[in-house]
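K.L.:
Sequence:
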Amino acid sequence: MRILKRAFSALAVALAIGGSALAQEYVKGEVVKVDAKQKKLTIKHEPLTNLDMPAMTMVFVVAEDGMIEKVKAGQAIEFAADRVNGRITVTDIK
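Quick note on our numbering: the sequence shown kicks off at 27 and runs consecutively.
Quick caveat, the hints were computed from the structure, so don't treat them as lab data.
Among the clues, some could well be false.
Lysine to aspartate or glutamate pairs mimicking DMTMM-like chemistry, simulated, CA-CA at most 25 Å apart [stated by the list, open to error]:
#: 1; residue 1: K98; residue 2: D61
#: 2; residue 1: K65; residue 2: D118
#: 3; residue 1: K59; residue 2: E90
#: 4; residue 1: K120; residue 2: E104
#: 5; residue 1: K65; residue 2: D91
#: 6; residue 1: K59; residue 2: D91
#: 7; residue 1: K63; residue 2: E104
#: 8; residue 1: K98; residue 2: E56
#: 9; residue 1: K120; residue 2: D61
#: 10; residue 1: K59; residue 2: E104
#: 11; residue 1: K120; residue 2: E90
#: 12; residue 1: K120; residue 2: E56
#: 13; residue 1: K63; residue 2: D78
#: 14; residue 1: K63; residue 2: E90
#: 15; residue 1: K66; residue 2: D118
Estimated spans, in silico, between C-beta atoms of each pair [as the list claims (entries may be wrong)]:
#: 16; residue 1: P73; residue 2: E95; range: 24 to 30 Å
#: 17; residue 1: R109; residue 2: T83; range: 15 to 21 Å
#: 18; residue 1: R113; residue 2: T75; range: 14 to 20 Å
#: 19; residue 1: V58; residue 2: G92; range: 17 to 23 Å
By construction, the Cβ of each residue, glycine as well, lies at the ideal position given by its N, Cα and C atoms.
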């Protein structure tokens, strides 16, 4: 059941971002803070060209709860972000 729930969640994210999940742009960043309760990550990142954003440090929501468990403060990551339901969201982490 959990696998099915994750599959539906991933499909919902892909549909919400207009199918661009197949060609996601990954950027380098560093996790500054993890807020597991709010399901948010603060990331210092390179420019997000798909969102027309310069390099900065900002707070993102995560598309899936499990992403929070993959990272810790101070960790270097590569991630993809997009607008999902009007919120800038981390859609994947390598």
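K.L.:
Checked against the structure, which of the hints given earlier come out wrong?
P.N.:
Violated hint (a single one): 13; every other hint is consistent with the structure.
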